[in-house]
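Chain order of the listed sequences is Y and U.
Each residue of the first sequence is one higher than the one before, starting from 1 at the first, in the working numbering.
Each residue of the second sequence is one higher than the one before, starting from 118 at the first, in the working numbering.
Treat the hints loosely; a few may be bogus.
Covered stretches of chain Y (in silico footprint by chain U; criterion: 3 or more residues with CB under 8 Å from a CB of chain U, positions within the stretch not fixed) [claimed, not checked]:
1) 13-26
2) 55-61
3) 67-73
Computed list of lysine to aspartate or glutamate pairs in DMTMM-like fashion (alpha-carbon distance at most 25 Å, straight line) [to be verified]:
4) Y/Lys-61 / Y/Asp-103
5) Y/Lys-109 / U/Glu-199
6) Y/Lys-109 / Y/Glu-20
7) Y/Lys-68 / Y/Asp-8
8) Y/Lys-109 / U/Glu-169
9) Y/Lys-68 / Y/Asp-54
10) Y/Lys-61 / Y/Glu-88
11) U/Lys-130 / U/Asp-201
12) Y/Lys-109 / U/Asp-202
Note that these hints are calculated values from the structure, not bench results.
On a predicted model such as this, the values are computed, not experimentally measured, just so you know.
Note that CB positions come from ideal geometry on N, CA and C, so glycine has one too.
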Amino acid sequence: AQSVTQPDIHITVSEGASLELRCNYSYGATPYLFWYVQSPGQGLQLLLKYFSGDTLVQGIKGFEAEFKRSQSSFNLRKPSVHWSDAAEYFCAVGAMYSGGGADGLTFGKGTHLIIQP
Amino acid sequence: ETGVTQSPTHLIKTRGQQVTLRCSSQSGHNTVSWYQQALGQGPQFIFQYYREEENGRGNFPPRFSGLQFPNYSSELNVNALELDDSALYLCASSLGQLANYGYTFGSGTRLTVV
Numbered sequence: 001a002q003s004v005t006q007p008d009i010h011i012t013v014s015e016g017a018s019l020e021l022r023c024n025y026s027y028g029a030t031p032y033l034f035w036y037v038q039s040p041g042q043g044l045q046l047l048l049k050y051f052s053g054d055t056l057v058q059g060i061k062g063f064e065a066e067f068k069r070s071q072s073s074f075n076l077r078k079p080s081v082h083w084s085d086a087a088e089y090f091c092a093v094g095a096m097y098s099g100g101g102a103d104g105l106t107f108g109k110g111t112h113l114i115i116q117p
Numbered sequence: 118e119t120g121v122t123q124s125p126t127h128l129i130k131t132r133g134q135q136v137t138l139r140c141s142s143q144s145g146h147n148t149v150s151w152y153q154q155a156l157g158q159g160p161q162f163i164f165q166y167y168r169e170e171e172n173g174r175g176n177f178p179p180r181f182s183g184l185q186f187p188n189y190s191s192e193l194n195v196n197a198l199e200l201d202d203s204a205l206y207l208c209a210s211s212l213g214q215l216a217n218y219g220y221t222f223g224s225g226t227r228l229t230v231v
């Protein structure tokens, strides 16, 4: 079974500083990887996804993530954060549909990003 | 294109009651999945419907059931509500049953069981 670990429950970053949110996954084959953002009381918005190919993927709002198979990681980065980036960030892994039943996405517990002025 | 819409946005129910939550999928999407997000946690997969049939289920008891209609909208039904069922319920739609299609999430229904 797949699993996702987001080691940082909270991260505080000054506005304009760079950001890296960590994500480690466990999955037997090549995973499908996602980063979602959630503002308070809202649903999930997709930031970016990785399925195959170039291991550095670009997303919306200036975010990027790098897939490192050797480290089982898919860390999210942004060179300069804005106050509007304050939110909850979730990393998720999806399994290839095997015909035996869909497993949906497995999410980490999330990282709460706080932006200091 | 319209996104995923869920109704109602908030709901309060009493323990033991039954509840139905509704989801309209994004235009062109034939797959709907449901997630439960408890406070301070990541979403957990409940089940997925593809072309009106359940084709995947997470670790949830049978009192969680669903339907998908010919227009690909969906319902989540929960019977015999328990206090621990209090959560944000998220619906997600997709172009197909494969994870690589990606998922578009709605804003959720906040269910409170008292």
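Inset, instruction - Could you tell me which of the numbered hints above are not met by this structure, giving the numbers in increasing order? - result: 1, 2, 3, 4, 8
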